[in-house]
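Could you fit the two chains together into a complex? Lean on the hints.
Top to bottom, those sequences are chains C and B. Just so we're aligned, residue 1 is where the first sequence starts under our numbering, counting upward by one. Just so we're aligned, residue 1001 is where the second sequence starts under our numbering, counting upward by one.
Hints were generated in silico from the structure; no laboratory data involved. On a predicted model such as this, the values are computed, not experimentally measured, just so you know. Check before you lean on any hint, since a few could be wrong.
Cβ pair distances, simulated, as ranges [as the list claims (entries may be wrong)]: (1) B:1320 <-> C:225: 29 to 35 Å; (2) B:1092 <-> C:314: 57 to 63 Å; (3) B:1128 <-> C:118: 38 to 44 Å; (4) C:314 <-> B:1160: 53 to 59 Å; (5) C:452 <-> B:1092: 30 to 36 Å; (6) B:1309 <-> C:153: 53 to 59 Å; (7) B:1309 <-> C:286: 50 to 56 Å; (8) C:313 <-> B:1004: 56 to 62 Å; (9) C:222 <-> B:1320: 34 to 40 Å; (10) B:1423 <-> C:286: 51 to 57 Å; (11) C:152 <-> B:1155: 34 to 40 Å; (12) C:372 <-> B:1071: 28 to 34 Å; (13) C:469 <-> B:1155: 38 to 44 Å.
Heads up, the beta-carbon is just placed ideally off N, CA and C, and yes, glycines get one too.
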Amino acid sequence: MLSIPRQGLAVSEQPMSSPTSSPSATKGAPPSTFTQRLNRGASRDRQIHHLGGYAFGPLLRIERFAMGNGLSILMVEDHAAPTVAYHTWFRVGSRHESPGKTGIAHLFEHLMFNETEHLAAGEFDRELEELGAESNASTWLDWTHYEIAVPSSAFARVAELESERMQHLVLRGPQVESEKEVVANERRYRVEDDVEGSVGEKLWATAFERHPYRWPTIGWMQDIEGFTVEDCEKFYRTYYAPNNATLVIVGDFDPERVLGKLQEMYGGYRSATIPDPPLEAEPEQTAERRLDLIKLTPTWKLNLGYRSPALGHPDHLPLSVLSEVLFGGRSSRLVKALVRDREMAGDVRGSLSPLRDPGLFEIFVSAREGFSADQLLAAIDEELARVLTEPISSDELERAKARIELGLLQGLMTNEGKASTIGFYEVVLGNPAAGFDRLLGLSEIRPQQLQELSARYLSRKSRTVIRVEPQTAPAVAAGEAE
Amino acid sequence: MSAVGPAVLLERDAAIPLIHAGISTRSGADEDPQGLEGLTRIAGRLMRRTAGGKSPDEVDARVDRMGASLGLDAGHGGVALSGVVLERSFTDFMALLEETLTAPGLAEDELERLKRETSAELMEILDSDQQLAQRWFLRSVFAGHPYGRSVIGSERSLAAIGVADVRRCLEREFRRDSVLFGFAGAVEAERAQQAAHSIWERLPSGGGAPPAPPEPVSEGGRRLVFVDKPERTQTQILIGGIGSHPSDPDHFALLLANTVFGGTFTARLTQEVRSKRGWSYGAYSSLGYDRRRQAFSMWTFPKAEDAAPCLALEFELLEQWWSAGISEAEFLWAQRYLIQSQAFARDTATKRIGLRLDEMLNDLPEGWHDQFSERIAAITLEQANAAVRNRISLEHLTVVVLGTHAAIGDDVRRAIPRLGDERVVPFDTE
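The following block holds chain B by itself, in its conformation from the complex (with noise of 0.2 Å):
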């Protein structure tokens, strides 16, 4: 960014006459205010929805009528207004971003029917008990940091958003410093840096990113949250703690080690649960990040009867790794797959603009993708294992389990090792 242009990311593939277009800026839902969670989002949706002062009916109907999709994600660290356009419409789909910037109608009565839609979506999410599995692990986690907090908000958070505190939101965000332009696809780089320069001097000046939120941290111990739901007859189970941040020096030690636990269908997490025991569909481990260390968390869903004992596997593998490590010969099979996977990371020109605002909006130095195989060939297997030992708490673990308590509860409880805090959560708890 700088002051007389804008930051335009390109990169120009013109096999398929599409293009994806978006706005990302470095700033989101940490900045809701306490109460107001959710402002982000709904002020986002409200932007687009209310583009050039139109009615959400005549800025849907244009979007369709271009061969479009335009869509805005908040999330923790930034908000992305973004699509994909056939190519013959990129115009006027400019046109449309440049109004849902710059002249948002934000009416009132449309905010409050926003309002209800997104309640009706809180709504829904009590049908998913994968994404109610999903809400509490994230909340006891990061209990008391922003990463904890709730992107979509709460019924009580958004009865109390109203139409000024959308305005003060949109202006936080949408400003020249705080906007990253990129564009992929069947567009060449002067059309696309005219399209951005021309949303960008209509942008108010200033901005930037806020300062990232304070890096979380491991306590509490180990706790249960059991997330009581009637008639299960199968469990959702997430096991974990706090993870890595790529700025950590041993970010991809951690990620080469997790790799060869339950990063991949012949980790040992799928093969131990999955293919010897037949107990759960899916059985993976992953690391997330963000602008600071997200979660380290592991997934399975056995039936209800198998619940504990997988339970007691999983401590039984996650301990074992930790303690023992991986072997030599997990190590270079897990190294030599990072290094050729990498293809798939960037063969297209929408994935590689991702990583390259991915480095952006996440602090990361400039080509830090473009490394990836490099950094990943100098890992030794010491590294990958003081990795694991260094930055997975096994003292400070999380445990979710969504089922039927009163079928399940006490065995489950058993299963866990060194269990200290255990609390129960009917599943339509908001």
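Isolated chain C (complex conformation) (with noise of 0.2 Å):
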């Protein structure tokens, strides 16, 4: 439940495409002719526009409509289940905090299952539950999503209770105190008492020294324990607006019936100034960094991060197949190297971060017995040497385009995963269909690109390495040595 996504989706993104503004490929009539119908009459702040819409793969269509007040809205008609899936994204995480207020995104995602104005603490949940719903809830870097899948009858109802809490929140003081316990037992479950949570945080700490990716986005337990209802308020009426959030509806409805509901209970809310983030540009880092940890652990961990680019950039597509080369299933060139044929590690996983800035290629590698954290890097520098001098083979190439398109596909099998893969794309690069975007980008990807990219992103200079040393007698207190 409410959970922090690690790695966050394993995809990547193209240069975006256009929406377009031909009549949408659902049943019935035209959007622009039943959101001439819904505006009859309605204030400026409550009128609806059809903006277009995208190609969601061969049988689907992604329709975008604006409020007035500014809210985004995003439909995918699908009738394969009598099921809708009901997002609402915010484009606020944990890069929109300050140093000394860390954590308040993901602290007030869970306030945000408590009392409103027209219901007590616990009737939101409960309510849901009674009418069939799933329901979570996630913050990471660059936004907040909320997700609630419910049986098609339950639509209505279940917009009357998403719409209440984005503006009718009620926040206090014993509500805020237990849920920042229950923030603070989530810490414990997934940074203090658990090596790997533990040691990505210390990654990205050391390897921001600026930008706000550097603090963890469940936040600093002096932090959370620090939150008052007054600064829950605060960030609440700063960011929670219509003009900041984006809903997405994917499933089994009729568009005229669901915008003519999300009119009557979205249409009364006024939008609001939206600050920028206070960010500061990383500087480029220059030199490698280092920090030595002692973990209660029974083997050396090892968890490098080479500054990536943004999900935007260009490279980003093309280090995403690199990182399928090298990291991707048994047969890539490192799983294959340090797993299977020198048998130095129980576990090697790489990842590239999909974020609106610039984030990390990360590399997490678990020793078997009997091998050192600087052995297993040793091995890693020669393999990504080999990316080098051995270039990729078109058979490589190959198997990573097919495992990013299997992965993709997986990510739609439902309404909620449709719902998630569009909501994403649009919070971080405004196209919510980018994710056929890169499948279609893939064709263009060559071996010598990809060496050309290993060669500019994955030197030594521009990467942190974090070695955990197995902690070899319980008596001996764990600590850090840098």
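Printed below as a string of structure tokens:
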């Protein structure tokens, strides 16, 4: 429940496609017909405008609408199952926080399940469950995401419940205190008592010196403990406004009725002035950074982070292909070398962060007994050097592309999966169909390009290295030795 | 299954060009001989790695080239060799399945490598407090029963496994009367049937499901297993015992009562432990089943200082649920929730196939899942409350706490009413 994705979606993007203004491929009248009907007599804030559509794979289509108050609405009609996914994305994440107040975006996500002006504490979830709904939420560096999946017949009530908490949340001291304790326990679970969680946090905090990506989305423990009701109120009034949100509705519904209900529920909300995040550009990294830790763990661990481009950068897609060549599946170069051939590691993973701003190309390795982090690092360096000396074969490239295609399609099996994919690309790139654009872009990628990118991005001077030494005797206190 | 063709389950959905395909058997790790725990799992994995006598590198590259995944899951009562593939690669995927099942190389050096990898997996588990607690919980609840044995095996049992054991295991597992084929996604019935038949006719005849293990029995009183791990800021707590099986007449009634107790985000456990007190990020109770009754368990993970009060509260809630039951309002809410949420149990072809496989693999009548809502609607409040008293034993309960014993051991012991046996085990005990 209420999870923080660690590595985001295993997909990447291509340059954005523009929305088209062709009529909807969905059943019934074109959207402009029913928006005209809905807008008769409506005030400017309540008016809904159809801004065009995007092909979403061969069979489906995303329609984009905007309400006069700035609320974005993306809809995909799909009657394969009698359910509707109702997702709300806010363009606020931990990047919008400041030192001393880290973790408030995530704490606030928890608080959104509490009392509202018309619902007592606990009633929101209770009613959703009675409707048969599944609900969850997640917060990450760039965004906050609330997801509800519901039987089609319950759509209208979900719109009432979800719109209520966008503007009518009630924040009281005891609930804030209790939720802070829950989040502190979540932090103990994910970070304090979890080797990989705590190491990952150190990696980002070491790799970034100025950008807000340097603090964890869950927040530092002392910040979590220090939040007040006033902090939460301020955050809510600043960021939870219709013009900072996108609704993604996917599934079995009648588009005109859905838009009519959304107009009824959200049309009265006023837009707000959303401040720019307090960003400081991260300076270029010019030398390797290292941090050594001692943890209660049976074998050495190694976590590397190479500076990587933002999701919207043209290099991101080919780098994600390179990541698949190196780490995707048992036949990938690094997994084969370290796990299978040399039997140095129990687990090897690599991933490229899918963020608005430049992030990290992360590598995590858990050593087998008898191997040290330095031995692992030497083996990784050897394999990365091999990318330059031994060109990536066309077979390796085709395998990587096939894995990326499989990953995208697997995420689209349910209405919830489609809504998550659409919303993610919308809030990070402004293009809800970018997942499919990415597939088209794969055909352009050549082995030589991956070699060039490897040389540019996977260089020692732009990386951060965290070595975790296993604590040999339990009596020795865990600690850090830089 | 019949003498002339395989049992094939199919749910077609061509909206996404993917096909899930797999072969399941009704014989699993419960059949592993004493001292060879982990055999079924390792035999299946070796078979998958050496399909058609090829090297694992060749097999893995082939799977990736297809845009596919293929894995083997071994459970107590069955094994599933299954995966997902891009529609355009379906023919090659089924050819690979056929080579996996009918012509595995089973090379000895690869078996030894696999054993070393499995040992590394066992080592990795030491990093997961949740898995360690779960391991000791199952060992204690099902002491002396096959469900208490490890599916993955131990260092000692892995060392004892040889290629001859693997061959015997696979010959037992994959026979004509043992296997079920399942397909979901963008595949036509005829194509699926042909692919299944091509494999089935090359399998040895005979087989069938072995007898289910004996029904596990609640016994041993209230027991505490304290898994001692240094420097824990947080604990893992599991409380429970034997649950129910879908063939029990009061299974649905118990399921409904458990929904009120700890089955959802607004259930009693979550409200009392998380929402009111903030003691644990999660607080749930669940019922599992296999071919026999599996465990009823409550799971929380409070910080070390809250472990004892959290345990005391959980016992209070459990005893209240058992003795006073659930209210009419709670009953009606849970009934509506279970019926309405069924939409998500079957909203994809893969899930629908999963339900039908579950019926066939766990000795449930055909259509059992289709009757879910009808059966829930027929339950009365009295039946739900009676099911709790009938199925959940307050006398025989296992409590597993993973934490730092020196810091909280005494408080934990005192928080458990009527505690009988207590055992402290170092976290790295195999």
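Do the hints match the structure? See the list:
In this structure the hint that residue 1320 of chain B and residue 225 of chain C lie 29 to 35 Å apart at CB holds, the actual value being about 32 Å. Here the CB-CB span from residue 1092 of chain B to residue 314 of chain C is close to 33 Å, at odds with the stated 57 to 63 Å. Checked against the hint of 38 to 44 Å, the pair residue 1128 of chain B and residue 118 of chain C passes, with Cβ atoms roughly 42 Å apart. At roughly 55 Å, the beta carbons of residue 314 of chain C and residue 1160 of chain B sit within the given window of 53 to 59 Å.
With their beta carbons about 33 Å apart, residue 452 of chain C and residue 1092 of chain B fall inside the hinted range of 30 to 36 Å. Evaluation of the 53 to 59 Å hint for residue 1309 of chain B and residue 153 of chain C yields a failure: the beta carbon distance comes to about 43 Å. Distance hint check: the CB atoms of residue 1309 of chain B and residue 286 of chain C are about 52 Å apart, consistent with the given range 50 to 56 Å. A hinted range of 56 to 62 Å for the beta carbons of residue 313 of chain C and residue 1004 of chain B is consistent with their spacing of about 59 Å.
Distance hint for residue 222 of chain C and residue 1320 of chain B: a CB-CB separation of about 37 Å, consistent with the stated range 34 to 40 Å. Under the hint 51 to 57 Å, the C-beta atoms of residue 1423 of chain B and residue 286 of chain C, about 56 Å apart, fit the expected range. About 53 Å separates the C-beta atoms of residue 152 of chain C and residue 1155 of chain B, a value inconsistent with the hinted range of 34 to 40 Å. For residue 372 of chain C paired with residue 1071 of chain B, a C-beta distance near 31 Å keeps the hint of 28 to 34 Å intact.
At about 24 Å, the CB distance of residue 469 of chain C to residue 1155 of chain B disagrees with the hint of 38 to 44 Å.
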